[in-house]
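Asks: Residues per chain, in single letters:
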Amino acid sequence: MLSYLVQRLFLMLVTLFGISLVIFALLRIVPGNIVDVLFDAAGFVDPAEKIKIEKDLGLDQPIVVQYATWIGGLLRGDLGFSYVSEKPALAEILPRIPITARLAGLALLFAVSLGVPLGVVSAVKQNTRLDYFLRVVSLAGLSLPAFWLGLLILMASVALFGTIPIYNAAPKSMWDSFVMYAVPAAAVGLRSSALIMRLTRSSMLEVLRQDYIRTARSKGASERSINYSHALKNAILPIVTIIGVEAAFLIGGLIVTETVFNIPGVARFLVEAIRWRDYPIVQNLVMFIAVVVVVVNFVVDLLYAALDPRIKLGA
Amino acid sequence: MSGSQARTRAAISIAVALAATAGLASPVLAQKQGGTLKLYQRDSPASASIHEEATYSNNVPFMPIFNNLVVFKQDAPQNTVETIVPDLATSWAWSDDKTKLVFKLREGVTWHDGKPFTSADVKCTFDMLMGKGTNKFRKNPRKSWYDNVSDVTVNGDTEATFNLKRPQPALISLLASGYTPVYPCHMSAADMRTKPVGTGPFKFVEFKANESIKLVRNPNYWKPGRPYLDGIDLPIIANRSTAMLGFIAGQIDMTFPTEVTVALLKDIKGQAPQAICKFEPSNVSTNLIVNRDAPPFDNINIRRAMALAMDRKSFISILFEGQADEGGALLPPPAGIWGMPKDQLETVAGYGPDVKKNRDEARKLIEAAGYSADKRLKVKVSTRNIPTYRDPAVILIDQLKDIYIDGELDVVETANWFSKVARKDYMIGLNLTGNAVDDPDQSFYENFACGSERNYTNYCNKELEKEFDLQSQETDPAKRKVMAWAIDKKLQDDVARPVIYHSRLGTCWQPKVKGVTVMVNSSYNGYRYEDVWLDQ
Amino acid sequence: MKQLEIDAELKKAGAHAKGRFGELRFLARRYLLGTIGLVIMIMFILTALFAEWIAPFDPLTVNAKQALAAPGALHWLGADSFGRDVFSRIVYGTRISMAVGIGSMLLGSSLGVVIGLTSGYLGGWVDLVFQRLVDILQALPLLVLALVMAAALGPSLQNTILAIAIPLVPTVARVIRANTLTLRELPFVEAAKAAGMSETRIALRHVLPNTLAPLIVLATAQFGSAILTEASLSFLGLGIPEPHPSWGRMLSESAAEYVRTAPWLVIFPGLAISLIVFGTNLLGDALRDILDPRQRT
Chain D
1 MLSYLVQRLF
11 LMLVTLFGIS
21 LVIFALLRIV
31 PGNIVDVLFD
41 AAGFVDPAEK
51 IKIEKDLGLD
61 QPIVVQYATW
71 IGGLLRGDLG
81 FSYVSEKPAL
91 AEILPRIPIT
101 ARLAGLALLF
111 AVSLGVPLGV
121 VSAVKQNTRL
131 DYFLRVVSLA
141 GLSLPAFWLG
151 LLILMASVAL
161 FGTIPIYNAA
171 PKSMWDSFVM
181 YAVPAAAVGL
191 RSSALIMRLT
201 RSSMLEVLRQ
211 DYIRTARSKG
221 ASERSINYSH
231 ALKNAILPIV
241 TIIGVEAAFL
251 IGGLIVTETV
261 FNIPGVARFL
271 VEAIRWRDYP
281 IVQNLVMFIA
291 VVVVVVNFVV
301 DLLYAALDPR
311 IKLGA
Chain L
1001 MSGSQARTRA
1011 AISIAVALAA
1021 TAGLASPVLA
1031 QKQGGTLKLY
1041 QRDSPASASI
1051 HEEATYSNNV
1061 PFMPIFNNLV
1071 VFKQDAPQNT
1081 VETIVPDLAT
1091 SWAWSDDKTK
1101 LVFKLREGVT
1111 WHDGKPFTSA
1121 DVKCTFDMLM
1131 GKGTNKFRKN
1141 PRKSWYDNVS
1151 DVTVNGDTEA
1161 TFNLKRPQPA
1171 LISLLASGYT
1181 PVYPCHMSAA
1191 DMRTKPVGTG
1201 PFKFVEFKAN
1211 ESIKLVRNPN
1221 YWKPGRPYLD
1231 GIDLPIIANR
1241 STAMLGFIAG
1251 QIDMTFPTEV
1261 TVALLKDIKG
1271 QAPQAICKFE
1281 PSNVSTNLIV
1291 NRDAPPFDNI
1301 NIRRAMALAM
1311 DRKSFISILF
1321 EGQADEGGAL
1331 LPPPAGIWGM
1341 PKDQLETVAG
1351 YGPDVKKNRD
1361 EARKLIEAAG
1371 YSADKRLKVK
1381 VSTRNIPTYR
1391 DPAVILIDQL
1401 KDIYIDGELD
1411 VVETANWFSK
1421 VARKDYMIGL
1431 NLTGNAVDDP
1441 DQSFYENFAC
1451 GSERNYTNYC
1461 NKELEKEFDL
1471 QSQETDPAKR
1481 KVMAWAIDKK
1491 LQDDVARPVI
1501 YHSRLGTCWQ
1511 PKVKGVTVMV
1521 NSSYNGYRYE
1531 DVWLDQ
Chain H
2001 MKQLEIDAEL
2011 KKAGAHAKGR
2021 FGELRFLARR
2031 YLLGTIGLVI
2041 MIMFILTALF
2051 AEWIAPFDPL
2061 TVNAKQALAA
2071 PGALHWLGAD
2081 SFGRDVFSRI
2091 VYGTRISMAV
2101 GIGSMLLGSS
2111 LGVVIGLTSG
2121 YLGGWVDLVF
2131 QRLVDILQAL
2141 PLLVLALVMA
2151 AALGPSLQNT
2161 ILAIAIPLVP
2171 TVARVIRANT
2181 LTLRELPFVE
2191 AAKAAGMSET
2201 RIALRHVLPN
2211 TLAPLIVLAT
2221 AQFGSAILTE
2231 ASLSFLGLGI
2241 PEPHPSWGRM
2251 LSESAAEYVR
2261 TAPWLVIFPG
2271 LAISLIVFGT
2281 NLLGDALRDI
2291 LDPRQRT
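Chains as they are written, first to last, in this note's numbering: chain D, 1 to 315; chain L, 1001 to 1536; chain H, 2001 to 2297.
Hint data in this document are derived by calculation from the structure and do not stem from the laboratory.
In this text the structure is predicted, and so the values were computed from the model without any measurement.
Keep in mind that the hints are not guaranteed to be accurate.
To be verified - Mimicking EDC-like on lysine to aspartate or glutamate, the simulated pairs with C-alpha atoms at most 16 Å apart in a straight line are:
1) LYS1132(L) x ASP1147(L)
2) LYS1208(L) x GLU272(D)
3) LYS1165(L) x ASP1096(L)
4) LYS125(D) x GLU206(D)
5) LYS1489(L) x GLU1465(L)
6) LYS1489(L) x ASP1343(L)
7) LYS1143(L) x ASP46(D)
8) LYS1136(L) x ASP46(D)
9) LYS1136(L) x GLU49(D)
10) LYS87(D) x GLU1206(L)
11) LYS1490(L) x GLU1463(L)
12) LYS1375(L) x ASP1406(L)
13) LYS1266(L) x GLU1280(L)
14) LYS1424(L) x ASP1298(L)
15) LYS1208(L) x ASP1233(L)
16) LYS1132(L) x GLU49(D)
17) LYS2065(H) x GLU1321(L)
18) LYS1424(L) x ASP46(D)
19) LYS1208(L) x GLU86(D)
20) LYS1136(L) x ASP56(D)
21) LYS1143(L) x GLU49(D)
Stated by the list, open to error - Which chain H residues face chain D? A few, computed with CB under 10 Å, are given here:
22) LEU2137
23) LEU2145
24) THR2280
As the list claims (entries may be wrong) - If you want a taste of the chain H side facing chain L, the calculated C-beta under 8 Å gives, among others:
25) VAL2062
26) LEU2068
27) PHE2082
All C-beta atoms, glycine included, are put in the ideal place defined by N, C-alpha and C.
Construct all of the structure, not just a fragment, from the sequences and the given hints.
Replies: Shown next, in the form of structure tokens:
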């Protein structure tokens, strides 16, 4: 067990190191750098000043030195300075995380509370019209681009209520705050719920085919009891995994949804920073996302092992 | 009591009643103190330092923090020399030979951090703008405005003098722009980019990139009774549709100036009929930068043909439903002061009303250059990845088809645009030029003078430049105007930077917002907001 | 293997279908949703191939008089702010979506196959290195990696395809590797080895064909993701540049301006994206049922 943990942690570090290399290299082949973007608002590029600013920002250093500076700082908890705002990158990133976390949490809650029950129903009623209908609806849900769904929700909101929830850093009441997050969360969550529903359904079906369910059935246990106490209990495991996988899936939806709804979260910030060529922000944000994904996967594996006595880690 | 007396009485009592009504009405009009104005900001500014940027995305949120030496009267829609009023300077005077401009400065003014304002701050600011001194700007886009200033000298704490190399009456207009705030000597350029300190009616609270900018009332403002507002909140909303929905729903008091297009204006009129909207010229011209150093546009005939082929009415009707203006480099009248009058404008190639005739002529020119319906000229039309740039480029390409030119749109990311232009790595570029001050000096020297940083095409005509200097020194405005027209016509005939149109754009606010003035010949100068108040 | 599966299906269902046509008719009935998906896909492919004949207007021609025209007899799906016909633009946009979908899928899958096959078949340190590479690519969400890559490469059709293809590699590599590992131990591979066949030949001749089934299922799913990712990239302004009528780009323009004033500019391009992805998903589900019985739902 311990050796497995050590091995996993080591691999995680290797992965993160690789990501840092990939991202760093990718950002350096981007045509144009921050200095050009900074000059954009000034309407010209002054070559002498450009060289000076590049020097100030350390962009004249050899790539290896730039990389070492970044990683060195990262290990000491110093993420450098945003080129645009000239504030510490950490101070720019940190306050945006809770906003996205709230949105992601609500979206996940929405996705699970819609997807799991529907998936179970669909599996239990396999090959009925209801199952058929739910499968088509979930497939359709997966086919909608997240930003389009967001736009449609915006349009519907305008048509129905004549207004839309606009992000406000200091909402007047709990209710305002909830509405502000709930609508975009629904836009993100709806797609995820379709995925969760489909995966829940298939893992339920898998379980329903197992021997012990057949045994329970032959012993005369009621269908209801079989479905909900035996089968669902066992299907929970794969569902946990799915929710882990969802974390990565959600981020894509969050990026476009935060853009559509003008929410100043960390996901949209990534797009803005890429546009600005604000390397310190992009690098650190991508690393942050990678850490979240890697850690979530790790935790899911551990959870899986903890929940299922049949699985022995490291076997 | 005789009948006539009774009548007189009655008349008097009516007059009293009218007076009383007027009296009742006037408290409604009296400015109220308090309230926070919610104005949406269209994008996240690169920094908070007005001097370092060249877009009014900086002037709108940050001009309220500062004062200038002098400023365009904030409630006069048209900026002229006559509407320049005192700000930090209480008075100013030209020397007899018009080469010295002396300012008497206001006393007892303090910066937001409590330090006193003195003449040293004035010297520091303009030394920095001229690139002198130790404290330097990271970017200094309007350095060329002060090319003619040899230095700024001070006399005690309350007098500052601009010493000029030659007479330049337009200098005072440049100093009155929203682009020319006075910065404190004791703050570094870097500090001014992140937490600016001024003497103005509002104090800087915070600027969260992509989220919001917040300003709060300066209780120690030197102008008694101002400002009326407790503060200004500028949520940054990049998506125009979302911002307009917020405005229609009443969550936002005022749109970002000039952000309301014709289509959105109609929508607002339909959905929020109570809203007050102004649709005015912005003194931003959409023009073509033509690479005249490389084939095919090194050929004046091909340049002329392109200028002739443009159907400006069609651009204006598609993009503005007819509500924009044709003109040369200078904003046309009536909003503009210096632009060519209509009859003179129509003598410029490509401006006449007969598009078909122009295109026939254009085809002749291009055929003379060796192209035809079978041998078409392929060109790249480069522009920035921003709708206000891209949209006219799409129309241009469509129009050029008519004269055997096949344009291919080359959309350039902001990050690469200016370096690409500087490298001359383009054939035709579609460009926007905003003029902060409606004055020929600003436009000619900035965009057409040899060696100017924002003269993207490196158009260089020494003969014409002499004429720039002559008009600049001319102190009689009427004479200067005629000189400016002649220069503008030459620039257009030479296809230096053909102007497609001067856009008009809208600004809307809720009826409770009072005291807003939209300026008609600049989008850079009217954002002090000390006179704005909320009727609530 | 594919044929075998279908035969098994036929027998299981007790079909008395005779001849090719009969088989097809049976399959169509057995996999109704898949057939609908297939029809949708064929429809889009035909649209892409014959765009010139289908589109009533040139997708790039500007017409001032028709600016923002509502859907009607002339412009079935309305016109955009330049008066360009939305229907024609959607028709031509099919080409871009198809190019991105097919291009990214082919590129991503072939890279994935190469990595998966080499990794699984050779094992050892090659496997170790490739697996770390796959880990790295997989630790970043598809859109995040595609965003950074698209920004790095600059906006163009080829670059967009590349930016989307690379993040698609790991899933394919994983599946192919797992399959190869299983196949490697199978008797017929052992036999081929004993007969003196070269390693490369065995991998290409015997192992690869047997991984085709899961590959087809995966590739279909990737086609859909590629189209969705392109739409998101273009929506964020980092995908296909103007004037190409990319559906995502059409949406990003209209989303900023016309959500209220010209909703048809928002609805129809979005519908096109959703419909093509829906078709892919339906087809993919059916293919998985047919080709990969272990995963059957």
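Asks: Now tell me, hint by hint, if it's right for this structure.
Replies: The hints, checked one at a time:
no. : hint                    : verdict
1   : LYS1132(L) x ASP1147(L) : holds, 12 Å
2   : LYS1208(L) x GLU272(D)  : holds, 13 Å
3   : LYS1165(L) x ASP1096(L) : holds, 14 Å
4   : LYS125(D) x GLU206(D)   : holds, 14 Å
5   : LYS1489(L) x GLU1465(L) : holds, 14 Å
6   : LYS1489(L) x ASP1343(L) : holds, 12 Å
7   : LYS1143(L) x ASP46(D)   : holds, 11 Å
8   : LYS1136(L) x ASP46(D)   : holds, 14 Å
9   : LYS1136(L) x GLU49(D)   : holds, 10 Å
10  : LYS87(D) x GLU1206(L)   : holds, 12 Å
11  : LYS1490(L) x GLU1463(L) : holds, 11 Å
12  : LYS1375(L) x ASP1406(L) : holds, 10 Å
13  : LYS1266(L) x GLU1280(L) : holds, 15 Å
14  : LYS1424(L) x ASP1298(L) : holds, 13 Å
15  : LYS1208(L) x ASP1233(L) : holds, 12 Å
16  : LYS1132(L) x GLU49(D)   : holds, 14 Å
17  : LYS2065(H) x GLU1321(L) : holds, 10 Å
18  : LYS1424(L) x ASP46(D)   : holds, 15 Å
19  : LYS1208(L) x GLU86(D)   : holds, 12 Å
20  : LYS1136(L) x ASP56(D)   : holds, 13 Å
21  : LYS1143(L) x GLU49(D)   : holds, 13 Å
22  : LEU2137                 : holds, 8 Å
23  : LEU2145                 : holds, 9 Å
24  : THR2280                 : holds, 8 Å
25  : VAL2062                 : holds, 4 Å
26  : LEU2068                 : holds, 7 Å
27  : PHE2082                 : holds, 6 Å
Consistency with the previously given hints is maintained throughout, with no hint failing.
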